[in-house]
Amino acid sequence: MTKLFTNANLFAYSVCIVITTTLLFGVPTMARTTDSLKTYKKKRDLTKSPEPKAIKSSKKTGNIFVIHKHKASHLHYDLRLAFDSVLKSWAVPKGPSLNPSEKRLAMQVEDHPMDYKDFEGVIPEGYGAGTVMVWDRGTYQNIKEQDGKLIPFKECLEDGTVEIFFDGEKIKGGYALVRMGDADSNKWLLIKMHDEYASARKNPTSTQNKSVKTGRTMAQIANKEKPSPTTRAKSGQKKKA
1 MTKLFTNANL
11 FAYSVCIVIT
21 TTLLFGVPTM
31 ARTTDSLKTY
41 KKKRDLTKSP
51 EPKAIKSSKK
61 TGNIFVIHKH
71 KASHLHYDLR
81 LAFDSVLKSW
91 AVPKGPSLNP
101 SEKRLAMQVE
111 DHPMDYKDFE
121 GVIPEGYGAG
131 TVMVWDRGTY
141 QNIKEQDGKL
151 IPFKECLEDG
161 TVEIFFDGEK
171 IKGGYALVRM
181 GDADSNKWLL
191 IKMHDEYASA
201 RKNPTSTQNK
211 SVKTGRTMAQ
221 IANKEKPSPT
231 TRAKSGQKKK
241 A
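Going by the working numbering, the first residue of the sequence shown is number 1, and it counts up by one from there.
By construction, these hints were calculated from the structure, which means they are not laboratory data. Please read these numbers as outputs of a predicted model, since none were measured by experiment. Where is the CB? At the ideal position from N, CA and C, for every residue including glycine. Hints may contain errors.
To be verified - What follows is a list of derived Cβ distance ranges for each label pair: (1) P229 with S199: 17 to 25 angstroms; (2) D167 with E225: 24 to 32 angstroms; (3) G181 with P227: 20 to 28 angstroms; (4) R201 with T47: 24 to 32 angstroms; (5) Y127 with K94: 31 to 39 angstroms; (6) E225 with E145: 25 to 33 angstroms; (7) P229 with G121: 18 to 26 angstroms; (8) G181 with L75: 21 to 29 angstroms.
Said to hold, decoys possible - Below 25 angstroms or equal to it, Euclidean Cα-Cα: the simulated SDA-like pairs (lysine to any residue) are: (9) K144 with G130; (10) K71 with N203; (11) K43 with S85; (12) K94 with S199; (13) K103 with E169; (14) K224 with F153; (15) K117 with N142; (16) K38 with H70; (17) K48 with E169; (18) K60 with D35; (19) K56 with P124; (20) K172 with K43; (21) K59 with F153; (22) K43 with P124; (23) K38 with S73; (24) K94 with T161; (25) K59 with S36; (26) K38 with F83; (27) K103 with H74; (28) K154 with S36; (29) K38 with I64; (30) K53 with Y127; (31) K149 with N203; (32) K48 with I123; (33) K60 with K103; (34) K59 with Y116; (35) K43 with S199; (36) K42 with P52; (37) K154 with I64; (38) K53 with E120; (39) K38 with S57; (40) K42 with G130.
Start from the sequences and build out the full structure, keeping to the hints where you can.
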């Protein structure tokens, strides 16, 4: 994998975006308690919301990821990485880019339960109210190395420099997540690496607008239309070898 950048000058680039996004979305709270789902549970009324319960999974799911398209007060994308029996989560206002020259702001939010990987539907009035789509999903690999050896993913998260390879139905290739500021900062940048999957022209967030789980559009999910067997997940599906 090609290394694409250093941390120099990234903070200056993102200051304006950070201020704007903070005003729009508020400042997320990272879950750093013993129970990493405590913040998730506190923010929601799970007796009314169809979102999964705040239960830490005991099942081994492997290194899966999911990207939710979320039309709340403002449309954004939620990147979630399975790690330590929860989904580490970042809100990405503009969604992932295939262009290495574009640095996308990613605000780390509270950990989500593993069952959230399959959640698609409408969140009622309250925190996060709006329509949620399973926009992409697949697996990821940690590719961050030092002296020819992989750095444990936990260390990458703690150090604030994550390098991963996505094998999704829509998103593929190497990406970096770089934290801005100190260890308590929630502000990160999501950056595409230079590889065969990079493109300055393609924009999947504009052209691929259907759920990889049900094949529905955001409007169909909002209207609670049932998935059609003939149209299920046509957009972004992996081709069979």
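Outcome of the hint check:
1. P229 with S199: 17 to 25 angstroms: violated, 32 angstroms
2. D167 with E225: 24 to 32 angstroms: holds, 30 angstroms
3. G181 with P227: 20 to 28 angstroms: violated, 42 angstroms
4. R201 with T47: 24 to 32 angstroms: Because 47 angstroms falls outside the window, the suggested range is violated.
5. Y127 with K94: 31 to 39 angstroms: violated, 22 angstroms
6. E225 with E145: 25 to 33 angstroms: Once the Cβ atoms are compared, 46 angstroms apart, the range 25 to 33 angstroms for E145 and E225 is violated.
7. P229 with G121: 18 to 26 angstroms: For G121 against P229, whose Cβ atoms are near 19 angstroms apart, the range 18 to 26 angstroms holds.
8. G181 with L75: 21 to 29 angstroms: This hint holds: roughly 26 angstroms between Cβ atoms.
9. K144 with G130: Distance ~35 angstroms between K144 and G130 Cα, so the pair is violated.
10. K71 with N203: holds, 19 angstroms
11. K43 with S85: Status holds; Cα separation ~20 angstroms.
12. K94 with S199: holds, 16 angstroms
13. K103 with E169: holds, 22 angstroms
14. K224 with F153: Distance ~38 angstroms between K224 and F153 Cα, so the pair is violated.
15. K117 with N142: The hint holds at about 19 angstroms.
16. K38 with H70: holds, 22 angstroms
17. K48 with E169: violated, 32 angstroms
18. K60 with D35: holds, 18 angstroms
19. K56 with P124: holds, 23 angstroms
20. K172 with K43: violated, 32 angstroms
21. K59 with F153: holds, 19 angstroms
22. K43 with P124: holds, 13 angstroms
23. K38 with S73: holds, 23 angstroms
24. K94 with T161: This hinted pair holds, its Cα atoms lying about 20 angstroms apart.
25. K59 with S36: holds, 17 angstroms
26. K38 with F83: holds, 16 angstroms
27. K103 with H74: The hint holds at about 19 angstroms.
28. K154 with S36: Holds, at roughly 14 angstroms.
29. K38 with I64: holds, 22 angstroms
30. K53 with Y127: Answer holds: K53 to Y127 is near 15 angstroms, not above 25 angstroms.
31. K149 with N203: It is violated: about 33 angstroms lies between the C-alpha atoms, which goes past 25 angstroms.
32. K48 with I123: holds, 9 angstroms
33. K60 with K103: Since the Cα atoms of K60 and K103 sit roughly 32 angstroms apart, the hinted pair is violated (cutoff 25 angstroms).
34. K59 with Y116: Distance ~14 angstroms between K59 and Y116 Cα, so the pair holds.
35. K43 with S199: violated, 38 angstroms
36. K42 with P52: Holds: K42 and P52 sit about 13 angstroms apart, inside 25 angstroms.
37. K154 with I64: Roughly 15 angstroms between the alpha carbons, so the hint for K154 and I64 holds.
38. K53 with E120: With a Cα-Cα distance of about 14 angstroms, the restraint between K53 and E120 holds, given a limit of 25 angstroms.
39. K38 with S57: Answer holds: K38 to S57 is near 14 angstroms, not above 25 angstroms.
40. K42 with G130: Since the Cα atoms of K42 and G130 sit roughly 18 angstroms apart, the hinted pair holds (cutoff 25 angstroms).
The structure does not agree with the numbered hints 1, 3, 4, 5, 6, 9, 14, 17, 20, 31, 33 and 35 stated previously, though it agrees with the rest.
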